[in-house]
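Number of protein chains: 2
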Amino acid sequence: MSVLIKDCTILTQNERRQQLHGNIYVEDKEVVQISKKPIPIETDYKIDGRKKLVLPGLINTHTHIPMTLLRGYGDDMVLQKWLEEKIWPVESKLNNESVEIGTKLGLLEMIASGTTSFLDMYFFEEIIGKITEKIGTRGFLGFALIDSGTPEYSAEDLLPKCEQFVRRWKNKDLLQPVIAPHAIYTCGPETLQKSLEIANKHDIHLHIHCSETREEVYDVQNRYGLRPIGQLKKYGLLCKKMVLVHCGWITKNEILDIKKGGSKVSHNPVSNMKIATGGYAPIPELIEANVTVGLGTDGAASNNTLDMFDTMKFCALVHKQHRWDPIVLPAQTVVDFATIGGAKCLGVEKEIGSIEEGKKADIIMLDLKKPHLTPQHDLVSHLVYSARGSDVVTTIVSGKPLMLEGEFLTLNYDELLENAEKCAKELTS
Amino acid sequence: MSVLIKDCTILTQNERRQQLHGNIYVEDKEVVQISKKPIPIETDYKIDGRKKLVLPGLINTHTHIPMTLLRGYGDDMVLQKWLEEKIWPVESKLNNESVEIGTKLGLLEMIASGTTSFLDMYFFEEIIGKITEKIGTRGFLGFALIDSGTPEYSAEDLLPKCEQFVRRWKNKDLLQPVIAPHAIYTCGPETLQKSLEIANKHDIHLHIHCSETREEVYDVQNRYGLRPIGQLKKYGLLCKKMVLVHCGWITKNEILDIKKGGSKVSHNPVSNMKIATGGYAPIPELIEANVTVGLGTDGAASNNTLDMFDTMKFCALVHKQHRWDPIVLPAQTVVDFATIGGAKCLGVEKEIGSIEEGKKADIIMLDLKKPHLTPQHDLVSHLVYSARGSDVVTTIVSGKPLMLEGEFLTLNYDELLENAEKCAKELTS
Chain A
1 MSVLIKDCTI LTQNERRQQL HGNIYVEDKE VVQISKKPIP IETDYKIDGR KKLVLPGLIN
61 THTHIPMTLL RGYGDDMVLQ KWLEEKIWPV ESKLNNESVE IGTKLGLLEM IASGTTSFLD
121 MYFFEEIIGK ITEKIGTRGF LGFALIDSGT PEYSAEDLLP KCEQFVRRWK NKDLLQPVIA
181 PHAIYTCGPE TLQKSLEIAN KHDIHLHIHC SETREEVYDV QNRYGLRPIG QLKKYGLLCK
241 KMVLVHCGWI TKNEILDIKK GGSKVSHNPV SNMKIATGGY APIPELIEAN VTVGLGTDGA
301 ASNNTLDMFD TMKFCALVHK QHRWDPIVLP AQTVVDFATI GGAKCLGVEK EIGSIEEGKK
361 ADIIMLDLKK PHLTPQHDLV SHLVYSARGS DVVTTIVSGK PLMLEGEFLT LNYDELLENA
421 EKCAKELTS
Chain B
1 MSVLIKDCTI LTQNERRQQL HGNIYVEDKE VVQISKKPIP IETDYKIDGR KKLVLPGLIN
61 THTHIPMTLL RGYGDDMVLQ KWLEEKIWPV ESKLNNESVE IGTKLGLLEM IASGTTSFLD
121 MYFFEEIIGK ITEKIGTRGF LGFALIDSGT PEYSAEDLLP KCEQFVRRWK NKDLLQPVIA
181 PHAIYTCGPE TLQKSLEIAN KHDIHLHIHC SETREEVYDV QNRYGLRPIG QLKKYGLLCK
241 KMVLVHCGWI TKNEILDIKK GGSKVSHNPV SNMKIATGGY APIPELIEAN VTVGLGTDGA
301 ASNNTLDMFD TMKFCALVHK QHRWDPIVLP AQTVVDFATI GGAKCLGVEK EIGSIEEGKK
361 ADIIMLDLKK PHLTPQHDLV SHLVYSARGS DVVTTIVSGK PLMLEGEFLT LNYDELLENA
421 EKCAKELTS
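Protein chains in written order, with the working numbering: chain A, 1 to 429; chain B, 1 to 429.
Extracted from the complex, chain A is given alone in its bound form (with noise of 0.2 Å):
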């Protein structure tokens, strides 16, 4: 499949963080031409690009794709008691066809707001991975493991059952497979040492909550004698290939840990003050000791939305307002952290992030030709406090268009929205 977009402005995210007015050719997954002159070729697909901002499609570093359904279920409640009244109820219900349909009007919202890649944490990833696959986003599957079991699986099933899905999923095109034990609290040792050993053994990332509350620390601290980070440093999961989402009340020690160990930091500031966790991630800190920091939504029932541009918008404010410091974390800044800090965040910033000759060509395209978006004094400012993801109006993923001027590709739009509203009235009821 191939691709031109003609005559627009691109914002390439590359190291020099160009912007440029040119063409894009895409041929066959990856951007094979930037050129400031017409490029002339024949193309399965032409796009028109005045008036248009070109980025790399955002990384999403934090979801659980199918609570999709459960938006606005539970608003305005303390942690447990939404857990206990509400989310865990619906999820004990959750079967393969909600999984389905919660998975699609996920990737719609991402699709259409400009989330090109995601990372997953959640049961049914089975169903999560062959729906993605279908729609053609690229997706970083997280097998979640709970030491009480989970929603989909017995306690001893679990890790027979994990290792089996990375076995499957492992080497796909767009998918990876992500080992996801749910947080320290949740798993004890063992959990611990199995998931480092699965992900050794077939080389793949994992993914684990940590430090969200206060109250997790000190749980973690009695139990253990170890605070989070302390517990995953001591079974070797402080590792390259770990991604540590929240990081809430970390300290500075801890902060050198993580730098020391490589791991990586999921920011998901829109959950973190909706649930009201109390913790700031110490952003600033991070990028200081050159931790690699991504954003995250988190799932749609603690957001309310997967729209990464609202995500840009809280983490660039919160920072400045709890700081007193309106300097801090810049515009660009946060547009890193949205695309090739998510990149790296994955360890596929070779590949993805930025839009440059030779990546695969993960690319989006905003309408800049909005009262919200007019003047355009600075783009990359535009994108963190102007933009909304309803701006984005082609989405194109591994060269394939998936939204191309609004109208989506690989889903049914009036359909899914559809089956979507009475599956979640039936989990609800």
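Hints listed in this document are in silico derivations from the structure and should not be mistaken for laboratory results.
Incorrect hints may appear among the rest.
Since the list gives no way to pick one copy over another, a pair counts as held whenever it fits inside one copy or between any two copies.
As the list claims (entries may be wrong) - Each computed DSBU-like pair below joins lysine-lysine, with the alpha-carbon atoms no more than 30 Å apart: (1) 51 with 369; (2) 369 with 46; (3) 369 with 400; (4) 37 with 350.
Could you slot chain B onto chain A? The hints should help.
Leaving out everything else, chain B in the frame of chain A:
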């Protein structure tokens, strides 16, 4: 002019916060009938309300509308440097033409994102009034007073010009003049007293920046021996007609003073966070004291949008995070701020802020058929946590459609965006 909205879901925001499904008949500026049964009548406009959410137009209680031209012109900067190097030099170049274009751009953005009323504070307010009258939005025109003069008028001309302005704009249908002494540190006792005098004489509102930064509070205290609220109280400006904006650094006693005086508070969380003023307006305490609270975006130069949906989400989340309390400022409270609360701030709660028979028809419609608004467990939650300005498809002010299913009826979209771009470039070159 008459409008019939058929078969829609209505978030009335009436006293009982009722949600209805039915039909709305608007004639000659007013909501004449709300009925569950079809209303058999011929009207100028018939709007299909299926899969649409109808709610009162949003009320933005603080902005500087021509500054929309400076969106993204200076970000990630310290306040004083931003003002001195970016904002003031451009403001000194403003003239009737640029203010006209900036105002139109701001109005376009507000109409597009469902804001039907705004409280402005700026210079060239005469032009802003004329343009707003022509475009058809409801406007509260704050004539800014600064002791050292404004880009429009010298210090000695200001007060006479202000009173002339008030005389001219009184008794208009959609517009009201407002006296807007800029702040306590820029307006001495004499200007404050004169402002109050004019406000009382003409029975109009007052609007002032108050306790936005800690530095301001110290400055005022050093100069006058009183904090900003104390200074306003001393000169009688803490009255029912006063809309205080920001209040990020107020004490418990000052909350009581505001309550006693009957003043209202405009909360601008996005701008406060972006400029990193450090203060958190004590909104939960203000509510507890029964002080009326409205929401504002502030100017697009420090937000960087005029999107009240964005402001609602930031409002709900920043206080949750700050207090470690997910229950504080639930969605319904925040929707109240943006609708009936704003109306109360401006003393027009009998006319606007809710959809009820006999009230003015300031009505907006959201398209619910969107991935990020699916499923629909809770529409009030969706307005605050999931919706974006771009979900608004129809905006009606005083019974007159200004945007109808995405089309602007009183503004030339293409031409305006082009002019705004050109004008902004000229101003900043």
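Going through the hints against the structure:
no.: 1; hint: 51 with 369; in the structure: both (6 Å within a copy, 26 Å between copies)
no.: 2; hint: 369 with 46; in the structure: both (20 Å within a copy, 29 Å between copies)
no.: 3; hint: 369 with 400; in the structure: both (25 Å within a copy, 25 Å between copies)
no.: 4; hint: 37 with 350; in the structure: within (26 Å within a copy, 61 Å between copies)
Violation of the numbered hints given earlier is absent; every hint is satisfied by the structure.
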